[in-house]
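Undergrad: Quick mapping for you: the protein sequence lines, in order, are chains C and D.
Read in order, the letters of the first sequence correspond to residues 179 to 1060 in this note's numbering.
Read in order, the letters of the second sequence correspond to residues 54 to 287 in this note's numbering.
Warning: the hint list may mix true and false statements.
[As the list claims (entries may be wrong)] Covered by chain D, per the in silico footprint, the following chain C stretches (three or more residues, Cβ under 8 Å): (1) 234–248; (2) 633–639; (3) 914–920.
[Stated by the list, open to error] Some, not all, of what chain C presents toward chain D, calculated at C-beta under 7 Å: (4) Leu-552; (5) Thr-932; (6) Pro-935; (7) Ala-936; (8) Pro-1057.
Bear in mind the hints are in silico, worked out from the structure with no lab data behind them.
All of these numbers come straight from a predicted model, not from anything done at the bench.
Virtual Cβ for every residue (Gly too), placed ideally from N, Cα, C.
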Amino acid sequence: MPPQRPDPDRLLESLKEQEAAAKRGKLKVFFGACPGVGKTYAMLLAARERQAEGVNLLIGVAETHGRRETLQLLDGLPLLPSRKVEYRGRVLPEFDLEAALAAAPALIIVDELAHSNVPGSRHAKRWQDVEELLAAGIDVYTSLNVQHLESLNDIVAGITGVRVRETVADHVFDRADDVTLVDLPPDELLIRLAAGKVYLPDMARHAAKNFFRKGNLIALRELALRRTADRVDEQMRAYRTDQAIATVWEARERLVVCVGSGARGEKLVREASRLAAKLQADWIAVHVDDPELSEGAQKGRRQALEVLKLAEQLGAETLTIPGAHVAEALASFARARNATKLVVGRTLRPGPLRWFSGVANKLAETHPDLDVVLIGLEKGKPSHRPQPRPAATLPWSGYLWATLACAGATLLAAGLLRFFDLANVVMLFLLTVVLVSIRFGRGPGAWASLLAVLCFDLFFVEPRGSLSVHDSQYLFTFALMLAVALVIGQLAAKLRLEARVAVQRERRAMALANIARQLSGALKQDQIVGIAEEYLGPLFDAGVTVLLPDAQERVHPCGNRPADEGVAQWVYDHQQEAGLGTTTLAAASARYLPLKAPMRTRGVCALQPRHPAVFDEPEERRLLDACLSQIALALERVHYVEVAQEALVNMEGQRLRNALLAAVSHDLKTPLTAIIGLAGTLERDPSPQIRHELTAAIREEAEQMHRLVANLLEMARLQSGGTRLRKEWQSVEEVVGSALHQLRLPLARYQVRTDVPADLPLVEFDALLIERVLVNLLDNAAKYTPAGSRIRVSARRVDEELVVMVEDNGPGLPLKDADKLFEPFTRGESEPATPGVGLGLALSRIIVEAHGGRISAENRPEGGARFRFTLPAGTPPEPEEE
Amino acid sequence: MSPVRILIIEDDNNIRRFLRLALEDEGYQVAEADCARRGLIEAASRQPGLVIVDLGLPDDDGKSLIRELRGWLSVPVLVLSARDREEEKVAALDAGADDYLVKPFGVPELLARVRAQLRRGAISLSGGSSSQVSFGEVRVDLAEHQVSKSGQPVHLTPTEFRLLAALIKGHGRVLTHRQLLLDTWGPGYADRGHYLRIYMGNLRQKLEDSPTQPQYLLTELQVGYRLAGMRMGD
Chain C
179 MPPQRPDPDR LLESLKEQEA AAKRGKLKVF FGACPGVGKT YAMLLAARER
229 QAEGVNLLIG VAETHGRRET LQLLDGLPLL PSRKVEYRGR VLPEFDLEAA
279 LAAAPALIIV DELAHSNVPG SRHAKRWQDV EELLAAGIDV YTSLNVQHLE
329 SLNDIVAGIT GVRVRETVAD HVFDRADDVT LVDLPPDELL IRLAAGKVYL
379 PDMARHAAKN FFRKGNLIAL RELALRRTAD RVDEQMRAYR TDQAIATVWE
429 ARERLVVCVG SGARGEKLVR EASRLAAKLQ ADWIAVHVDD PELSEGAQKG
479 RRQALEVLKL AEQLGAETLT IPGAHVAEAL ASFARARNAT KLVVGRTLRP
529 GPLRWFSGVA NKLAETHPDL DVVLIGLEKG KPSHRPQPRP AATLPWSGYL
579 WATLACAGAT LLAAGLLRFF DLANVVMLFL LTVVLVSIRF GRGPGAWASL
629 LAVLCFDLFF VEPRGSLSVH DSQYLFTFAL MLAVALVIGQ LAAKLRLEAR
679 VAVQRERRAM ALANIARQLS GALKQDQIVG IAEEYLGPLF DAGVTVLLPD
729 AQERVHPCGN RPADEGVAQW VYDHQQEAGL GTTTLAAASA RYLPLKAPMR
779 TRGVCALQPR HPAVFDEPEE RRLLDACLSQ IALALERVHY VEVAQEALVN
829 MEGQRLRNAL LAAVSHDLKT PLTAIIGLAG TLERDPSPQI RHELTAAIRE
879 EAEQMHRLVA NLLEMARLQS GGTRLRKEWQ SVEEVVGSAL HQLRLPLARY
929 QVRTDVPADL PLVEFDALLI ERVLVNLLDN AAKYTPAGSR IRVSARRVDE
979 ELVVMVEDNG PGLPLKDADK LFEPFTRGES EPATPGVGLG LALSRIIVEA
1029 HGGRISAENR PEGGARFRFT LPAGTPPEPE EE
Chain D
54 MSPVRILIIE DDNNIRRFLR LALEDEGYQV AEADCARRGL IEAASRQPGL
104 VIVDLGLPDD DGKSLIRELR GWLSVPVLVL SARDREEEKV AALDAGADDY
154 LVKPFGVPEL LARVRAQLRR GAISLSGGSS SQVSFGEVRV DLAEHQVSKS
204 GQPVHLTPTE FRLLAALIKG HGRVLTHRQL LLDTWGPGYA DRGHYLRIYM
254 GNLRQKLEDS PTQPQYLLTE LQVGYRLAGM RMGD
């Protein structure tokens, strides 16, 4: 025997559960058999103890029903004010979830877990409020009666004759961290009742007499005790599992429940849920979607979907699988999912659900390896659930057409009889049956078969006009004809249905493939949003809005369609769907679905369908989910592309910064060294002649540094972003003059000429920045040409541009690739003899390009360098005439 | 004539020291203050002939100090400011400062500005009754609306003349765009900087030898204009 070690998958699962549980608040349920056992009292007592321990707690809801002892317990506990909700002219106090979340106590008391909230509240049920509190990390104490448990609802109704509408899904109870049974023997309860100490809700008051019979109370108490015992048992087993005490590691059981329609289906599902809970098994509720049902019996199908919904609430995985043969489809599905047991219902009488029993038998015959569990279903009462839609009308037109077709065939056959044998003419009727079956399906096909035989008898077999037959040979012909017509007709009809199903499936597959292909090419969020709107809209016949989060994690709609941002935000924060057709914020006009990607939720998709039922059709729903996850994946991919690009830009920026630091530190240190050295020499009091030279040198070095620092500051200002150009209509002449004035000392040893036409119109630019460009270009010219060289500044308007040139007759540019000059920290020579970072030209380029111009450098054919930049000329404003 | 007293309001020790050395070397008497509060006390007690104010004082933004000084002191105020704060300079000039120096600046520049401002103060003190003004080769008769350059009459349009007259009235002060626009065109034109640029261009064409390297009609980029080298009378 191999060593016993915990199943790694299960360990991982329990690890995940613990991790999730650590973040969640703890739920403690005070569980009782019926009203009046003292749940609220016990709960408040426990709360007081916790308060004494110093726990920060809050009373969210406590239903004291005016009982004095209970009221006394509330004394000194902080109470959350209730929210007043107006509903049908009455103001009702409701639990204020928002305020509770905002107050964020460590523990909150929320009585009556099964309570239904007033319509218009965030959630339909209080247990959903509690879920949200738990998710926010707040511990919750709550109370619950056994008859409010969803899966025990039927049984309690059966025992007491009172059906409770307010139910709590079992998984809420099962996931509670702690359940405290509040127990009171029936006799004592009856005494309390007689003493008037038990509050009776309005709804139950008339039924109270029946409800509080001793027999009922005993049964309810047993139910509550059992349910609690089940939990304890389960805990013990979980403990054993964790500690690897179990001797046998069996595979987790999996039940497959075959779901039919209506109230019987509901009972079947509830039974299956209990069975699954007892067996500790996962369970899957499956509805086999017989193509035949999509033809006429839409009603049954919708009921089945309702039942599936219930199963989902009870914790099942739900699925619709297509297939004409229920037994076959079920068996192959069960195999594929490795299910150990199949649960099917069994009715006592034949009827619309007859196939249940048939299915069970068939399964037992053909798949003896599968365990089939039969659930006895009583003769069904009509479902108490409202039908989502009226049943589709039967296709009477098909029968009409079938009749007409047979009449036509008879006329044609009468004509043909002159040329052909009767035996051949019969074929014409068979053809008619086939065509009718293909066009109108099974029912009209069968009808046509019958008609065809009748017409043949009436009009072609002696004696004509009568159903009686002389030649008994024809009886055989009729029988054969009917059989052949029926068989062919049914085959044709089936073919047609399968073709239709295939077409639908293909449509979905195509749609999914299309959207996937489109999304794979999308590079930006807007593209993805566009694709989502373009494809999902027509596919689900719905208005589509995609909401994406901003940097503050607030979602906003993209595009023009309005959306309820509040609902969308809730969906985004909780990663659960909400809105139309759900139990959360159901008043919204659209369904809001989270776009879940592997890493996190990427946004919210709001769908406003023309037929809300779209979301209940499992096929459509699966298609929708697939589409949404494709969209979410695409969003995530784009997000990471952006992240990667940003990282790349940052790296590039880092590299530049390092180069800048190196260059700047070199170029700052050089003049600094000179200044310090020169000043030191001055201290030794040299002759006046030398002193003069030294001070002039100090000043020159300092001014060089000043220009460098000015460039650095300007660069930093421009690159920090958010800097707006102070564009004004400026005179080029003034800016050139100002630049020359700034550089009058370094340029004193050069022959500077300017060529700016007097009639050059004003140009719109930021004067200080363009002055900086000119200063840099002129400074450059002075630095890289020997003293006495000629420097020329000129400006011209060429077409729609202002062209400014700074030329010299020095040694020219050493680089072949002159554009490189404008990259930061490139200098012509590798080891500079002249100070000044290549920063000047890089800054000039940034400035010129920010103005929408270009800057370039080249060698003049006649020798020397030429720097040239352009600015858009624009149309300067005309001053008013004098 | 007793030497002119100059008050330096500047918080940086080294700058204050070099200002004092340079000015004392020129024969001025120097008083110092390292904050706006002390500056006001010194200005009231010492009766300076010129005040140098740094715009970045620890206890004040300089502008309100200038406004306060202007309440009772008519002597020239010279402002020291950093190059990249054009709005600050404009605000200081509009508040009543007469000229500004951009840090870093050299001693010759400082002394030139101080001399110009003191000369201007002397002219306005003596009344400056003459309507004849000249700079370089240019002569202007404000009363007769006549302008000549190197003896040749120069024709100015009425607006050009008004603008020139406004600059002359400034006596070498830096006049902000706003001030010039108000003086020349009147209220309602204060935001039309391009008018100034066009008309200043015209004046430079007509009066300067090399308009891109002007000697008299000087541009203070993003701040305003100033007329340099002006003399009263012939």
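Undergrad: Each hint: holds or not?
TA: So, going through the hints one by one against the coordinates:
1. 234–248: Coverage by chain D is violated for the segment 234–248 of chain C (0 residues, Cβ < 8 Å).
2. 633–639: violated (count 0)
3. 914–920: With 5 residues in contact (Cβ-Cβ under 8 Å with chain D), the coverage given for the segment 914–920 of chain C holds.
4. Leu-552: 89 Å, violated
5. Thr-932: Constraint on Thr-932 of chain C satisfied, holds at 4 Å.
6. Pro-935: 10 Å, violated
7. Ala-936: 5 Å, holds
8. Pro-1057: For Pro-1057 of chain C, the interface hint holds, since the closest Cβ of chain D sits about 5 Å away, which is under 7 Å.
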